[in-house]
Amino acid sequence: MKPMRCKRVCRCLLNSLVCMLLCWSMAAAIQSPPLVTEIKTAVGEVKPGKSITVPLITWGGDMATILANGNSAKTAAGSIFAKQGLALNLVRQDDFKKQIDAFMRGESPFLRGTMGMINLAAEVLNQDPRTRPVVVYQLTWSNGGDCLVVKSGIRSARDLKGKTVAIQAYGPHVDYLAKILKDAGLSLTDIDIRWTRDLSGTADTPAEAIFEKDVDAAFVIIPDGLMLTSNGTVGTGAEGSVRGARIMLSTKTANRIIADVYAVRSDFFQAHRDRVEAFVHGLLLGTQELKARFGHKEKDLSAYQSLISTSAAILLDSAQATADAEALYGDCEFAGFRGNVRFFGDEKWPRGMNRLVNEIQSSFITLGLLGRNSPLEQARWNYDSLREGLTGIDDVPAPRFKTAAVAQVVARKQAMGTLGEGELFSLEINFQPNQNDFPENLYADGFRRIVDLASTYGGAVITVEGHSDPHKYRRLEKKGATPIELKRTRQAAKNLSMNRSIAVRDSVIRFAKDAGVPLDQSQFTVIGHGIDQPKYPQPRTKEEWLSNMRVVFRIIQIEAEDEAFIPLD
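Under mature numbering (1 follows the signal peptide of the UniProt record, and there is no 0), read the sequence shown as residues -27 to -1, 1 to 542, first letter to last.
Derived from the structure by calculation, the hints contain no laboratory data. Don't take every hint at face value.
List time: in silico BS3-like cross-link candidates among lysine-lysine, alpha-carbon distance up to 25 Å [claimed, not checked]:
| id | residue 1 | residue 2 |
| --- | --- | --- |
| 1 | Lys445 | Lys467 |
| 2 | Lys134 | Lys186 |
| 3 | Lys508 | Lys445 |
| 4 | Lys375 | Lys486 |
| 5 | Lys136 | Lys155 |
| 6 | Lys264 | Lys47 |
Please put together the full structure from these sequences, using the hints given.
Take a look at the structure:
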(Lines of atoms letter the chains of each structure in order from A and count residues from 1; the text may use other names and numbers.)
(Lines give C-alpha, C1' and ligand atoms only; values in the text may rest on other atoms or scores of the structure.)
Protein backbone atom coordinates (compact mmCIF):
# COMPACT_ATOMS: atom_id res chain seq x y z
CA MET A 1 0.00 0.00 0.00
CA LYS A 2 1.10 3.54 -0.58
CA PRO A 3 2.38 5.53 2.39
CA MET A 4 -0.24 7.45 4.39
CA ARG A 5 -3.11 5.69 2.63
CA CYS A 6 -3.35 2.57 4.75
CA LYS A 7 -4.25 3.76 8.24
CA ARG A 8 -7.93 2.91 8.04
CA VAL A 9 -8.09 1.05 4.77
CA CYS A 10 -8.84 -2.52 5.75
CA ARG A 11 -12.05 -1.75 7.57
CA CYS A 12 -14.25 -2.79 4.69
CA LEU A 13 -12.00 -4.19 1.97
CA LEU A 14 -13.87 -6.62 -0.25
CA ASN A 15 -11.14 -7.01 -2.82
CA SER A 16 -11.58 -10.70 -3.55
CA LEU A 17 -15.23 -10.22 -4.38
CA VAL A 18 -14.32 -8.35 -7.53
CA CYS A 19 -11.24 -10.23 -8.65
CA MET A 20 -13.61 -12.53 -10.52
CA LEU A 21 -14.96 -9.69 -12.66
CA LEU A 22 -12.46 -10.00 -15.50
CA CYS A 23 -14.54 -7.98 -17.92
CA TRP A 24 -14.78 -4.85 -15.88
CA SER A 25 -17.29 -2.19 -16.96
CA MET A 26 -16.20 1.04 -15.34
CA ALA A 27 -19.20 3.14 -16.31
CA ALA A 28 -22.13 0.76 -15.88
CA ALA A 29 -23.73 -0.96 -12.93
CA ILE A 30 -22.84 -4.60 -12.35
CA GLN A 31 -25.52 -6.71 -13.97
CA SER A 32 -25.59 -9.75 -11.68
CA PRO A 33 -25.27 -10.37 -7.94
CA PRO A 34 -21.79 -11.93 -7.74
CA LEU A 35 -22.15 -13.17 -4.17
CA VAL A 36 -24.99 -15.43 -5.26
CA THR A 37 -23.50 -16.49 -8.56
CA GLU A 38 -19.89 -16.89 -7.46
CA ILE A 39 -19.87 -18.08 -3.84
CA LYS A 40 -20.30 -21.85 -3.86
CA THR A 41 -19.07 -22.60 -0.34
CA ALA A 42 -20.73 -25.69 1.09
CA VAL A 43 -22.59 -25.05 4.33
CA GLY A 44 -21.20 -26.97 7.28
CA GLU A 45 -22.05 -27.28 10.94
CA VAL A 46 -20.44 -24.89 13.40
CA LYS A 47 -17.26 -26.49 14.68
CA PRO A 48 -17.79 -27.89 18.19
CA GLY A 49 -15.63 -26.77 21.08
CA LYS A 50 -15.55 -24.31 23.93
CA SER A 51 -13.55 -21.67 22.05
CA ILE A 52 -15.41 -19.55 19.49
CA THR A 53 -13.67 -17.77 16.61
CA VAL A 54 -14.83 -14.15 16.34
CA PRO A 55 -13.75 -11.95 13.40
CA LEU A 56 -12.51 -8.39 13.74
CA ILE A 57 -11.96 -5.77 11.06
CA THR A 58 -9.59 -2.82 11.11
CA TRP A 59 -11.90 -0.32 12.74
CA GLY A 60 -11.89 1.53 16.05
CA GLY A 61 -15.09 -0.11 17.23
CA ASP A 62 -13.29 -3.44 17.40
CA MET A 63 -11.15 -2.11 20.25
CA ALA A 64 -14.13 -2.78 22.53
CA THR A 65 -13.99 -6.45 21.56
CA ILE A 66 -10.24 -6.56 22.16
CA LEU A 67 -10.54 -4.89 25.56
CA ALA A 68 -13.39 -7.19 26.64
CA ASN A 69 -11.18 -10.14 25.68
CA GLY A 70 -8.49 -8.95 28.10
CA ASN A 71 -6.34 -7.06 25.56
CA SER A 72 -5.58 -10.36 23.92
CA ALA A 73 -6.48 -12.34 20.81
CA LYS A 74 -7.37 -15.28 23.06
CA THR A 75 -9.62 -14.66 26.04
CA ALA A 76 -7.47 -13.76 29.05
CA ALA A 77 -8.27 -14.95 32.55
CA GLY A 78 -10.18 -12.34 34.53
CA SER A 79 -11.28 -10.46 31.39
CA ILE A 80 -14.82 -9.25 30.77
CA PHE A 81 -15.54 -12.09 28.35
CA ALA A 82 -13.98 -14.66 30.70
CA LYS A 83 -16.30 -13.48 33.48
CA GLN A 84 -19.16 -14.01 31.03
CA GLY A 85 -18.09 -17.64 30.72
CA LEU A 86 -16.75 -17.20 27.19
CA ALA A 87 -13.57 -18.38 25.50
CA LEU A 88 -12.99 -16.50 22.25
CA ASN A 89 -10.32 -16.43 19.60
CA LEU A 90 -10.26 -13.02 17.91
CA VAL A 91 -9.10 -13.11 14.29
CA ARG A 92 -8.78 -10.01 12.13
CA GLN A 93 -10.32 -10.69 8.76
CA ASP A 94 -10.71 -7.68 6.50
CA ASP A 95 -11.49 -9.77 3.42
CA PHE A 96 -15.26 -10.06 3.77
CA LYS A 97 -15.50 -12.93 1.31
CA LYS A 98 -13.20 -14.97 3.54
CA GLN A 99 -15.41 -14.09 6.49
CA ILE A 100 -18.43 -15.39 4.54
CA ASP A 101 -16.58 -18.59 3.61
CA ALA A 102 -15.67 -19.25 7.26
CA PHE A 103 -19.22 -18.40 8.33
CA MET A 104 -20.76 -20.83 5.84
CA ARG A 105 -18.29 -23.64 6.57
CA GLY A 106 -18.95 -23.29 10.28
CA GLU A 107 -15.47 -22.17 11.27
CA SER A 108 -16.99 -19.08 12.91
CA PRO A 109 -20.63 -18.42 13.75
CA PHE A 110 -20.05 -14.65 13.58
CA LEU A 111 -19.87 -12.02 10.84
CA ARG A 112 -18.36 -8.61 11.47
CA GLY A 113 -19.07 -5.77 9.05
CA THR A 114 -21.10 -2.71 8.23
CA MET A 115 -24.83 -2.93 7.65
CA GLY A 116 -24.08 -2.52 3.96
CA MET A 117 -21.76 -5.53 3.99
CA ILE A 118 -24.19 -7.72 5.93
CA ASN A 119 -27.00 -6.79 3.55
CA LEU A 120 -24.80 -7.57 0.58
CA ALA A 121 -24.27 -11.07 1.96
CA ALA A 122 -27.90 -11.63 3.00
CA GLU A 123 -29.09 -13.10 -0.29
CA VAL A 124 -26.49 -15.84 -0.46
CA LEU A 125 -26.64 -16.58 3.28
CA ASN A 126 -30.43 -16.84 3.30
CA GLN A 127 -30.27 -19.74 0.84
CA ASP A 128 -29.70 -22.10 3.76
CA PRO A 129 -31.72 -21.66 6.98
CA ARG A 130 -28.67 -22.54 9.05
CA THR A 131 -26.68 -19.55 7.82
CA ARG A 132 -29.39 -16.91 7.89
CA PRO A 133 -27.68 -13.95 9.59
CA VAL A 134 -29.16 -12.65 12.82
CA VAL A 135 -27.92 -9.14 13.65
CA VAL A 136 -27.20 -9.14 17.38
CA TYR A 137 -25.24 -5.98 18.21
CA GLN A 138 -24.36 -2.55 16.88
CA LEU A 139 -20.82 -1.47 17.70
CA THR A 140 -20.56 2.01 16.22
CA TRP A 141 -21.57 4.63 13.71
CA SER A 142 -18.87 6.00 11.44
CA ASN A 143 -18.18 9.49 12.78
CA GLY A 144 -15.58 10.97 10.47
CA GLY A 145 -13.76 8.03 8.90
CA ASP A 146 -15.40 8.22 5.47
CA CYS A 147 -16.00 11.13 3.10
CA LEU A 148 -17.14 12.37 -0.28
CA VAL A 149 -14.52 14.41 -2.15
CA VAL A 150 -15.75 16.61 -5.00
CA LYS A 151 -14.11 18.76 -7.62
CA SER A 152 -14.78 22.46 -8.05
CA GLY A 153 -18.25 23.37 -9.23
CA ILE A 154 -20.03 20.84 -6.99
CA ARG A 155 -21.37 22.77 -4.03
CA SER A 156 -24.28 20.65 -2.81
CA ALA A 157 -25.62 17.13 -3.18
CA ARG A 158 -27.99 18.27 -5.94
CA ASP A 159 -24.99 19.25 -8.04
CA LEU A 160 -24.04 15.57 -8.38
CA LYS A 161 -26.76 15.15 -11.02
CA GLY A 162 -25.17 14.16 -14.31
CA LYS A 163 -21.74 13.80 -12.71
CA THR A 164 -19.43 10.78 -12.56
CA VAL A 165 -18.75 9.43 -9.08
CA ALA A 166 -15.97 6.93 -8.29
CA ILE A 167 -16.76 4.36 -5.64
CA GLN A 168 -15.50 0.94 -4.61
CA ALA A 169 -17.74 -1.91 -5.75
CA TYR A 170 -19.07 -3.89 -2.77
CA GLY A 171 -17.39 -1.49 -0.37
CA PRO A 172 -18.70 0.51 2.58
CA HIS A 173 -19.86 3.55 0.62
CA VAL A 174 -22.52 2.34 -1.83
CA ASP A 175 -25.38 2.81 0.64
CA TYR A 176 -23.76 6.10 1.71
CA LEU A 177 -24.00 7.35 -1.88
CA ALA A 178 -27.59 6.14 -2.27
CA LYS A 179 -28.76 7.92 0.88
CA ILE A 180 -27.15 11.23 -0.10
CA LEU A 181 -28.73 11.12 -3.54
CA LYS A 182 -32.15 10.25 -2.13
CA ASP A 183 -31.99 13.15 0.33
CA ALA A 184 -31.10 15.48 -2.53
CA GLY A 185 -34.12 14.34 -4.52
CA LEU A 186 -31.95 12.30 -6.92
CA SER A 187 -31.49 8.61 -7.61
CA LEU A 188 -28.65 6.35 -8.62
CA THR A 189 -29.78 6.67 -12.23
CA ASP A 190 -29.06 10.43 -12.12
CA ILE A 191 -25.30 9.87 -11.96
CA ASP A 192 -22.65 7.83 -13.73
CA ILE A 193 -20.74 5.44 -11.51
CA ARG A 194 -17.06 4.68 -11.96
CA TRP A 195 -16.58 1.40 -10.13
CA THR A 196 -13.17 0.59 -8.65
CA ARG A 197 -11.88 -2.72 -7.40
CA ASP A 198 -10.17 -1.52 -4.22
CA LEU A 199 -10.89 1.04 -1.54
CA SER A 200 -7.40 2.42 -1.02
CA GLY A 201 -3.73 1.83 -1.55
CA THR A 202 -3.71 0.56 -5.17
CA ALA A 203 -4.04 2.06 -8.63
CA ASP A 204 -7.68 0.92 -8.87
CA THR A 205 -9.31 3.02 -6.14
CA PRO A 206 -11.67 6.02 -5.96
CA ALA A 207 -8.77 8.14 -4.70
CA GLU A 208 -6.86 7.43 -7.91
CA ALA A 209 -9.91 7.62 -10.19
CA ILE A 210 -10.68 11.21 -9.19
CA PHE A 211 -7.47 12.32 -10.89
CA GLU A 212 -9.11 11.46 -14.21
CA LYS A 213 -10.68 14.41 -16.02
CA ASP A 214 -14.07 12.77 -16.45
CA VAL A 215 -14.48 11.83 -12.77
CA ASP A 216 -16.13 14.53 -10.69
CA ALA A 217 -16.32 13.02 -7.19
CA ALA A 218 -15.13 10.06 -5.14
CA PHE A 219 -16.06 8.27 -1.95
CA VAL A 220 -12.90 7.61 0.05
CA ILE A 221 -11.64 6.97 3.56
CA ILE A 222 -10.60 10.09 5.44
CA PRO A 223 -6.77 9.71 5.07
CA ASP A 224 -7.24 9.69 1.29
CA GLY A 225 -9.73 12.54 1.56
CA LEU A 226 -7.24 14.67 3.46
CA MET A 227 -4.51 13.97 0.93
CA LEU A 228 -6.72 14.79 -2.05
CA THR A 229 -7.79 18.11 -0.52
CA SER A 230 -4.43 19.35 0.81
CA ASN A 231 -5.19 18.33 4.39
CA GLY A 232 -8.91 19.05 4.33
CA THR A 233 -8.82 22.50 2.73
CA VAL A 234 -8.90 22.85 -1.08
CA GLY A 235 -6.60 20.75 -3.21
CA THR A 236 -3.68 22.66 -4.71
CA GLY A 237 -2.60 19.99 -7.16
CA ALA A 238 0.60 19.37 -5.21
CA GLU A 239 1.66 16.47 -2.98
CA GLY A 240 -0.98 14.01 -4.12
CA SER A 241 -3.90 16.46 -4.11
CA VAL A 242 -6.39 17.30 -6.85
CA ARG A 243 -6.60 20.98 -7.74
CA GLY A 244 -9.90 22.43 -6.51
CA ALA A 245 -10.98 19.26 -4.68
CA ARG A 246 -12.64 19.56 -1.28
CA ILE A 247 -14.44 17.33 1.19
CA MET A 248 -18.13 18.02 0.63
CA LEU A 249 -19.47 15.59 3.19
CA SER A 250 -17.89 13.25 5.72
CA THR A 251 -19.44 10.94 8.25
CA LYS A 252 -18.66 13.47 10.95
CA THR A 253 -21.66 15.26 9.46
CA ALA A 254 -23.50 12.25 8.01
CA ASN A 255 -22.99 10.35 11.23
CA ARG A 256 -26.02 8.06 11.00
CA ILE A 257 -25.37 6.31 7.70
CA ILE A 258 -22.63 3.69 8.17
CA ALA A 259 -23.41 1.33 11.06
CA ASP A 260 -20.96 -1.38 12.17
CA VAL A 261 -22.54 -4.54 13.54
CA TYR A 262 -22.10 -8.18 14.53
CA ALA A 263 -24.30 -10.91 13.06
CA VAL A 264 -24.46 -14.60 13.98
CA ARG A 265 -25.60 -17.76 12.21
CA SER A 266 -29.24 -18.62 12.83
CA ASP A 267 -28.52 -22.22 13.84
CA PHE A 268 -25.87 -21.15 16.35
CA PHE A 269 -28.12 -18.43 17.72
CA GLN A 270 -30.96 -20.85 18.29
CA ALA A 271 -28.73 -23.46 19.93
CA HIS A 272 -26.57 -21.07 21.98
CA ARG A 273 -28.64 -17.97 22.58
CA ASP A 274 -27.22 -17.70 26.10
CA ARG A 275 -23.64 -17.56 24.80
CA VAL A 276 -24.52 -14.94 22.20
CA GLU A 277 -26.28 -12.87 24.85
CA ALA A 278 -23.19 -13.16 27.07
CA PHE A 279 -21.08 -11.94 24.13
CA VAL A 280 -23.37 -8.93 23.65
CA HIS A 281 -23.31 -8.13 27.36
CA GLY A 282 -19.51 -8.36 27.29
CA LEU A 283 -19.38 -5.93 24.36
CA LEU A 284 -21.57 -3.45 26.26
CA LEU A 285 -19.27 -3.66 29.27
CA GLY A 286 -16.20 -3.50 27.04
CA THR A 287 -17.50 -0.38 25.32
CA GLN A 288 -18.13 1.28 28.67
CA GLU A 289 -14.62 0.43 29.86
CA LEU A 290 -13.05 1.49 26.56
CA LYS A 291 -14.62 4.94 26.71
CA ALA A 292 -13.48 5.28 30.33
CA ARG A 293 -9.89 4.35 29.39
CA PHE A 294 -9.80 6.99 26.65
CA GLY A 295 -11.59 9.59 28.74
CA HIS A 296 -9.35 9.22 31.79
CA LYS A 297 -6.10 7.94 30.37
CA GLU A 298 -4.03 10.32 32.48
CA LYS A 299 -5.34 8.68 35.66
CA ASP A 300 -4.25 5.19 34.59
CA LEU A 301 -1.74 5.65 31.81
CA SER A 302 -0.40 2.11 31.96
CA ALA A 303 -3.86 0.57 31.40
CA TYR A 304 -4.44 2.92 28.48
CA GLN A 305 -1.05 2.16 26.92
CA SER A 306 -1.66 -1.57 27.24
CA LEU A 307 -4.99 -1.19 25.44
CA ILE A 308 -3.73 1.05 22.65
CA SER A 309 -0.58 -0.94 21.90
CA THR A 310 -2.43 -4.27 21.87
CA SER A 311 -5.13 -2.80 19.62
CA ALA A 312 -2.43 -1.46 17.28
CA ALA A 313 -0.76 -4.87 17.16
CA ILE A 314 -4.00 -6.75 16.41
CA LEU A 315 -5.63 -4.24 14.07
CA LEU A 316 -2.59 -2.67 12.40
CA ASP A 317 0.10 -5.36 12.76
CA SER A 318 2.36 -3.08 14.78
CA ALA A 319 2.27 -2.36 18.50
CA GLN A 320 4.02 0.92 17.72
CA ALA A 321 1.18 2.19 15.50
CA THR A 322 -0.53 3.78 18.48
CA ALA A 323 -1.25 7.10 16.77
CA ASP A 324 -3.10 5.30 13.99
CA ALA A 325 -5.00 3.23 16.55
CA GLU A 326 -6.06 6.42 18.32
CA ALA A 327 -7.22 7.80 14.96
CA LEU A 328 -9.30 4.66 14.44
CA TYR A 329 -11.00 5.26 17.77
CA GLY A 330 -11.62 8.90 16.89
CA ASP A 331 -13.53 7.90 13.75
CA CYS A 332 -16.18 6.07 15.80
CA GLU A 333 -19.27 6.94 17.74
CA PHE A 334 -20.03 3.95 19.96
CA ALA A 335 -23.67 2.90 20.08
CA GLY A 336 -23.54 1.44 23.61
CA PHE A 337 -26.61 0.33 25.51
CA ARG A 338 -28.90 3.23 24.64
CA GLY A 339 -27.88 3.14 20.99
CA ASN A 340 -28.57 -0.58 20.68
CA VAL A 341 -31.98 -0.24 22.28
CA ARG A 342 -32.81 2.49 19.81
CA PHE A 343 -31.27 0.82 16.76
CA PHE A 344 -33.05 -2.50 17.21
CA GLY A 345 -36.16 -1.59 19.16
CA ASP A 346 -37.39 1.84 18.07
CA GLU A 347 -39.38 1.36 14.87
CA LYS A 348 -40.15 5.09 14.77
CA TRP A 349 -36.53 6.16 14.62
CA PRO A 350 -35.51 6.98 11.02
CA ARG A 351 -32.10 5.29 11.42
CA GLY A 352 -33.23 2.04 13.02
CA MET A 353 -32.13 -1.34 11.71
CA ASN A 354 -35.23 -2.23 9.71
CA ARG A 355 -35.28 1.12 7.96
CA LEU A 356 -31.61 0.81 7.08
CA VAL A 357 -32.19 -2.68 5.67
CA ASN A 358 -34.92 -1.39 3.36
CA GLU A 359 -32.85 1.62 2.35
CA ILE A 360 -29.65 -0.35 1.67
CA GLN A 361 -31.23 -3.26 -0.15
CA SER A 362 -33.25 -0.99 -2.41
CA SER A 363 -30.05 0.73 -3.55
CA PHE A 364 -28.20 -2.57 -4.01
CA ILE A 365 -31.02 -3.99 -6.12
CA THR A 366 -30.98 -0.86 -8.28
CA LEU A 367 -27.26 -1.39 -8.90
CA GLY A 368 -27.60 -5.12 -9.52
CA LEU A 369 -25.58 -6.02 -6.42
CA LEU A 370 -28.59 -7.91 -5.05
CA GLY A 371 -31.15 -9.85 -7.05
CA ARG A 372 -34.01 -9.47 -4.58
CA ASN A 373 -34.91 -8.35 -1.08
CA SER A 374 -33.53 -10.63 1.63
CA PRO A 375 -34.95 -10.05 5.11
CA LEU A 376 -32.53 -9.73 8.00
CA GLU A 377 -33.41 -11.00 11.44
CA GLN A 378 -32.45 -9.40 14.74
CA ALA A 379 -31.96 -10.90 18.19
CA ARG A 380 -34.79 -9.04 19.96
CA TRP A 381 -33.01 -8.99 23.30
CA ASN A 382 -34.66 -8.22 26.60
CA TYR A 383 -32.40 -5.27 27.32
CA ASP A 384 -33.38 -5.12 30.98
CA SER A 385 -31.36 -8.32 31.40
CA LEU A 386 -28.33 -6.62 29.82
CA ARG A 387 -28.18 -3.64 32.19
CA GLU A 388 -26.06 -5.33 34.85
CA GLY A 389 -22.76 -3.52 35.38
CA LEU A 390 -23.65 -0.59 33.13
CA THR A 391 -23.76 2.97 34.44
CA GLY A 392 -25.22 6.18 33.07
CA ILE A 393 -27.48 4.43 30.58
CA ASP A 394 -30.54 6.37 31.69
CA ASP A 395 -28.86 9.77 31.54
CA VAL A 396 -30.35 12.35 29.22
CA PRO A 397 -28.13 12.63 26.09
CA ALA A 398 -25.97 15.74 26.15
CA PRO A 399 -26.30 18.35 23.39
CA ARG A 400 -23.91 17.76 20.49
CA PHE A 401 -23.25 21.42 19.69
CA LYS A 402 -22.20 24.49 21.65
CA THR A 403 -25.14 26.78 20.97
CA ALA A 404 -23.26 30.06 21.33
CA ALA A 405 -20.41 28.90 19.10
CA VAL A 406 -22.83 27.71 16.41
CA ALA A 407 -24.64 31.04 16.56
CA GLN A 408 -21.33 32.85 16.04
CA VAL A 409 -20.43 30.64 13.08
CA VAL A 410 -23.82 31.20 11.46
CA ALA A 411 -23.76 34.95 12.16
CA ARG A 412 -20.32 35.20 10.58
CA LYS A 413 -21.51 33.32 7.50
CA GLN A 414 -24.62 35.48 7.32
CA ALA A 415 -22.61 38.70 7.52
CA MET A 416 -20.26 37.48 4.79
CA GLY A 417 -23.10 36.25 2.61
CA THR A 418 -21.72 32.69 2.66
CA LEU A 419 -24.54 30.76 4.31
CA GLY A 420 -24.88 28.75 1.13
CA GLU A 421 -21.32 27.47 1.44
CA GLY A 422 -21.35 24.04 2.98
CA GLU A 423 -25.04 23.57 2.23
CA LEU A 424 -25.91 19.93 1.73
CA PHE A 425 -29.68 20.05 1.40
CA SER A 426 -32.45 22.59 1.79
CA LEU A 427 -36.21 22.53 2.19
CA GLU A 428 -38.72 25.34 2.46
CA ILE A 429 -42.25 25.70 3.73
CA ASN A 430 -44.58 28.61 3.04
CA PHE A 431 -46.96 30.38 5.37
CA GLN A 432 -49.90 32.73 5.04
CA PRO A 433 -50.08 36.42 6.00
CA ASN A 434 -50.41 36.91 9.78
CA GLN A 435 -49.74 33.22 10.43
CA ASN A 436 -48.02 32.59 13.75
CA ASP A 437 -48.39 28.84 14.28
CA PHE A 438 -47.53 25.83 12.15
CA PRO A 439 -49.88 22.90 12.88
CA GLU A 440 -48.63 19.45 11.99
CA ASN A 441 -51.74 18.56 10.01
CA LEU A 442 -50.68 21.18 7.45
CA TYR A 443 -46.92 20.66 7.57
CA ALA A 444 -46.49 16.97 8.47
CA ASP A 445 -44.73 16.00 5.23
CA GLY A 446 -42.17 18.79 5.55
CA PHE A 447 -41.69 18.13 9.26
CA ARG A 448 -41.08 14.42 8.64
CA ARG A 449 -38.46 15.32 6.06
CA ILE A 450 -36.63 17.56 8.51
CA VAL A 451 -36.77 14.90 11.22
CA ASP A 452 -35.22 12.36 8.85
CA LEU A 453 -32.45 14.75 7.78
CA ALA A 454 -31.71 15.79 11.38
CA SER A 455 -31.52 12.12 12.39
CA THR A 456 -29.22 11.15 9.53
CA TYR A 457 -26.90 14.17 9.47
CA GLY A 458 -26.45 14.60 13.20
CA GLY A 459 -23.16 16.44 12.69
CA ALA A 460 -24.71 19.13 10.49
CA VAL A 461 -26.22 22.39 11.67
CA ILE A 462 -29.76 23.10 10.55
CA THR A 463 -30.55 26.76 10.02
CA VAL A 464 -34.19 27.77 10.21
CA GLU A 465 -34.39 30.95 8.13
CA GLY A 466 -37.48 33.14 8.08
CA HIS A 467 -38.24 35.40 5.10
CA SER A 468 -40.87 38.13 4.74
CA ASP A 469 -42.43 39.72 1.69
CA PRO A 470 -41.13 43.25 0.86
CA HIS A 471 -44.43 44.47 -0.56
CA LYS A 472 -45.32 46.73 2.39
CA TYR A 473 -41.84 48.20 2.47
CA ARG A 474 -41.93 48.91 -1.29
CA ARG A 475 -45.30 50.70 -0.98
CA LEU A 476 -43.99 52.90 1.83
CA GLU A 477 -40.86 53.60 -0.15
CA LYS A 478 -42.94 54.58 -3.17
CA LYS A 479 -45.07 56.91 -1.04
CA GLY A 480 -41.94 58.73 0.14
CA ALA A 481 -41.84 57.45 3.74
CA THR A 482 -39.11 58.85 5.97
CA PRO A 483 -35.87 56.88 6.50
CA ILE A 484 -36.85 56.28 10.14
CA GLU A 485 -40.21 54.82 9.10
CA LEU A 486 -38.55 52.60 6.50
CA LYS A 487 -35.97 51.44 9.03
CA ARG A 488 -38.69 50.56 11.53
CA THR A 489 -40.63 48.64 8.87
CA ARG A 490 -37.53 46.70 7.86
CA GLN A 491 -36.75 45.86 11.49
CA ALA A 492 -40.35 44.83 12.17
CA ALA A 493 -40.17 42.43 9.21
CA LYS A 494 -36.90 41.02 10.56
CA ASN A 495 -38.42 40.52 14.02
CA LEU A 496 -41.50 38.89 12.54
CA SER A 497 -39.46 36.49 10.42
CA MET A 498 -37.30 35.61 13.44
CA ASN A 499 -40.36 34.83 15.53
CA ARG A 500 -41.73 32.65 12.76
CA SER A 501 -38.41 30.81 12.52
CA ILE A 502 -38.55 30.09 16.24
CA ALA A 503 -42.17 28.96 15.96
CA VAL A 504 -41.36 26.59 13.09
CA ARG A 505 -38.29 25.17 14.86
CA ASP A 506 -40.29 24.53 18.01
CA SER A 507 -43.08 22.95 15.98
CA VAL A 508 -40.64 20.55 14.30
CA ILE A 509 -39.03 19.56 17.59
CA ARG A 510 -42.45 19.05 19.18
CA PHE A 511 -43.62 17.05 16.16
CA ALA A 512 -40.54 14.81 16.41
CA LYS A 513 -40.98 14.31 20.14
CA ASP A 514 -44.64 13.37 19.71
CA ALA A 515 -43.52 10.85 17.07
CA GLY A 516 -41.02 9.33 19.52
CA VAL A 517 -37.96 10.81 17.78
CA PRO A 518 -36.44 13.42 20.11
CA LEU A 519 -34.15 15.86 18.32
CA ASP A 520 -31.13 17.75 19.64
CA GLN A 521 -32.24 21.39 19.83
CA SER A 522 -28.60 22.51 19.78
CA GLN A 523 -28.46 21.31 16.17
CA PHE A 524 -30.91 24.05 15.12
CA THR A 525 -30.22 27.75 14.86
CA VAL A 526 -32.75 30.41 13.83
CA ILE A 527 -32.29 33.39 11.52
CA GLY A 528 -34.67 36.22 10.67
CA HIS A 529 -33.83 37.57 7.22
CA GLY A 530 -36.87 39.82 7.04
CA ILE A 531 -37.17 41.32 3.56
CA ASP A 532 -33.47 41.15 2.74
CA GLN A 533 -33.61 38.03 0.52
CA PRO A 534 -36.98 37.89 -1.26
CA LYS A 535 -37.53 35.39 -4.03
CA TYR A 536 -39.32 38.12 -5.92
CA PRO A 537 -38.08 41.64 -5.07
CA GLN A 538 -41.00 43.15 -7.02
CA PRO A 539 -43.84 40.61 -6.65
CA ARG A 540 -46.35 41.06 -9.45
CA THR A 541 -48.79 38.25 -8.66
CA LYS A 542 -50.40 36.78 -5.57
CA GLU A 543 -48.34 33.61 -6.07
CA GLU A 544 -45.09 35.57 -6.07
CA TRP A 545 -46.21 37.52 -3.03
CA LEU A 546 -47.01 34.33 -1.10
CA SER A 547 -43.77 32.66 -2.26
CA ASN A 548 -41.78 35.37 -0.49
CA MET A 549 -43.35 34.38 2.82
CA ARG A 550 -41.38 31.27 3.65
CA VAL A 551 -39.16 29.49 6.13
CA VAL A 552 -36.12 27.74 4.67
CA PHE A 553 -34.39 24.83 6.39
CA ARG A 554 -30.78 24.61 5.33
CA ILE A 555 -28.62 21.63 6.34
CA ILE A 556 -25.04 22.88 6.37
CA GLN A 557 -21.70 21.30 7.13
CA ILE A 558 -19.52 23.10 9.68
CA GLU A 559 -16.91 20.42 10.32
CA ALA A 560 -14.07 22.93 10.09
CA GLU A 561 -15.55 24.85 13.02
CA ASP A 562 -14.26 22.54 15.75
CA GLU A 563 -15.16 25.00 18.50
CA ALA A 564 -18.86 24.48 17.69
CA PHE A 565 -18.84 20.80 18.64
CA ILE A 566 -19.01 19.37 22.12
CA PRO A 567 -16.53 16.46 22.13
CA LEU A 568 -18.07 12.99 22.42
CA ASP A 569 -17.08 11.16 25.58
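For each hint, the structure was consulted:
no.: 1; hint: Lys445 / Lys467; verdict: 13 Å, holds
no.: 2; hint: Lys134 / Lys186; verdict: 17 Å, holds
no.: 3; hint: Lys508 / Lys445; verdict: 15 Å, holds
no.: 4; hint: Lys375 / Lys486; verdict: 21 Å, holds
no.: 5; hint: Lys136 / Lys155; verdict: 15 Å, holds
no.: 6; hint: Lys264 / Lys47; verdict: 22 Å, holds
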